[in-house]
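Asks: Spelled out, the chains give:
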Amino acid sequence: MRERPGSGPIRLLRDERGVSVTVGYVLTLAIGAILLSGVVIGIGGVLDAQTDRAVRGDLSVLGQTAAANVESADRLARAAETDRSSANGTLNASVSVAVDLPDRAAGVPYRIAIDDDAVTVRTDRPEATMAIPHAARTNVTPASVRGGPIRIEYERSGAGPGNLTVVER
Amino acid sequence: MADVSLGPPDRDRLFGGDGAREADRAQLLLVAGLVMAVSLVTLVVLLNATIYSENVATRGIESADGEALEVRATAVGGAGELIGATNRAEPANHSEANERVESGVEDLDAEISRSYAERGGVTHLNLSSVENGSRVTGELGAVDPNASLLAGNVTRTRGFVIDVDPDSLNETDPAGAVDDAFHVDLNDSTGGSRQVYVYDGTDGNVTVAVGENGSAPTALCETPPDGRSRVAVDLTGERLGDRPCPGIWPRGLVAPDDDDYTVTLVNASSAGGEVTATARPASGDSVSTDLAATATAAVYEATIELRYRTAELRFETAVRVAPGEPDA
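Chains as they are written, first to last, in this note's numbering: chain A, 504 to 672; chain B, 121 to 448.
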């Protein structure tokens with residue numbers, strides 16, 4: 504008996520009724536896009552959280568480094584003032600401490616503000632602020648400088664009070 | 121044995137044709153795998169950054185000032201010892217004393233420079249100025265038993281130590297100390313005086329009492345002699361024996377206050393021992409004293425200029441060195 508052409512297993516494999524190449528691709532792309540979006544959204548949250556955490560961690564380290572160096576400059580300034588001769592023509596009490604801070608905290612630019620009580624470091628994006636109290640007893644001139652290498656200076660020649668000043672390098 | 125080797129690429133499987141449906145099946149899996157791989161790499165990078173930040177956060181912050189303070193302490197200590205040694209050597213006159221100090225500071229500068237150059241610091245020390253005075257020493261038994269001028273019209277005194285023999289002290293109490301005890305009278309030219317009494321407080325202890333303007337004194341501190349032949353009463357260092365005894369030296373006679381005052385030893389026969397003091401006169405180079413025979417030219421104080429630099433730090437100051445001066 505003669506068999507009908509296209510029948511049996513081979514016919515089933517080649518049967519494309521209800522399935523088109525276009526629909527197949529669209530389905531593939533749609534599922535891929537949904538999967539990718541889900542992953543991006545999920546990782547995006549993690550990314551923001553991790554960036555925020557890294558920035559805060561770096562700001563904390565930078566603030567503590569700056570505060571420690573302000574206290575170092577304060578100790579040196581007080582040592583320079585102890586038993587200082589105020590006679591005319593003698594050397595001024597002068598202290599300068601250079602601090603090599605990075606330009607960015609976890610890849611984000613930041614600013615350093617300093618006053619009599621604390622060193623405050625902050626970034627705008629993400630918005631993060633860390634205030635590190637310092638124990639300097641010498642007066643500190645309030646200042647705000649761009650994050651990066653700084654110098655803490657003290658200079659006193661006459662009888663007036665000397666101030667610690669923070670400047671960019 | 122089964123053949124598990126891959127056959128040659130089939131054009132129809134790769135580029136379409138009758139078997140194209142079979143090739144499409146892996147695309148979704150590939151895309152998903154790629155996305156997952158990229159995600160995992162991103163996560164690893166982010167976690168690495170966080171771990172790095174935390175690692176940095178836990179690092180110690182090095183203090184920049186330790187070495188500069190060490191240099192200052194070394195310079196001040198060295199200059200103080202130099203002045204003390206110069207004065208103890210009893211120079212013939214003030215010029216000789218000044219030359220010795222100047223030469224000594226140059227040597228000290230060379231030593232400190234070499235020592236800190238090895239550690240990457242540059243130091244420079246030079247003598248800025250010197251204030252002259254007198255170093256007065258004497259046996260208490262050799263001075264006038266009633267009243268003897270130790271130093272007249274002085275502005276500052278340092279290293280004022282009386283090494284008393286505990287067995288020679290008069291036994292008395294605060295009420296009787298004014299008349300019976302050996303004491304030092306510090307008479308401020310602007311008014312007021314202080315008396316520092318040293319006596320045996322009836323219990324065998326060496327006792328120091330302080331009174332104002334000749335009034336009955338108040339016992340300040342005491343120490344047992346413990347068999348020692350000498351107990352040091354350090355008036356400017358405010359110590360009795362090996363213990364601190366704050367309040368001996370009047371606050372009004374401490375630098376930078378430059379009032380003239382006179383130091384007199386009274387009732388010296390009520391104690392035995394030796395007295396030593398270095399004083400700066402209000403004018404001139406030498407102080408007036410009744411112990412002129414044992415007074416020598418001395419350097420009272422020196423001002424040294426100290427500079428210390430490293431790559432990160434600059435420290436400069438002019439320090440007054442007067443070892444044994446009362447603290448402000």
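Each hint should be verified, as a subset may be incorrect.
Unchecked claim - Quick partial rundown of chain A residues pointing at chain B, CB under 8 Å, derived from the structure:
no.	residue
1	L579
2	A590
3	T632
4	I635
What the hints assert, rightly or not - Covered, in the sense of this in silico footprint (three residues per stretch, anywhere, with C-beta under 8 Å from a C-beta of chain A), are these stretches of chain B:
no.	stretch
5	188-200
6	261-272
7	431-440
If you're looking for bench data, these hints aren't it; they were derived computationally from the structure. Heads up, the beta-carbon is just placed ideally off N, CA and C, and yes, glycines get one too.
Asks: Against each hint, give a clear statement of whether it holds in the structure.
Replies: The hints, checked one at a time:
For the restraint placing L579/A at the interface with chain B, the shortest Cβ-Cβ distance is roughly 5 Å, inside the 8 Å limit, so the hint holds. The restraint placing A590/A at the interface with chain B holds, with a minimum CB-CB distance near 7 Å, inside the 8 Å limit. At about 17 Å, the closest approach between the beta carbon of T632/A and any beta carbon in chain B exceeds 8 Å, and the interface hint on this residue is violated. Of the supplied interface hints, the one on I635/A is violated, with its beta-carbon coming no nearer than about 11 Å to a beta-carbon of chain B, more than 8 Å.
For a cut-off of 8 Å, the count of residues in the stretch 188-200 of chain B with a CB near a CB of chain A stands at 4, and the three-residue condition holds. With 0 residues bearing a CB less than 8 Å from a CB of chain A, the stretch 261-272 of chain B misses the requirement of three and the coverage assertion fails. Beta-carbon proximity to chain A at under 8 Å applies to 10 residues in the stretch 431-440 of chain B; the threshold of 3 is reached and the given coverage holds.
Of the numbered hints listed earlier, those contradicted by the structure are 3, 4, 6.
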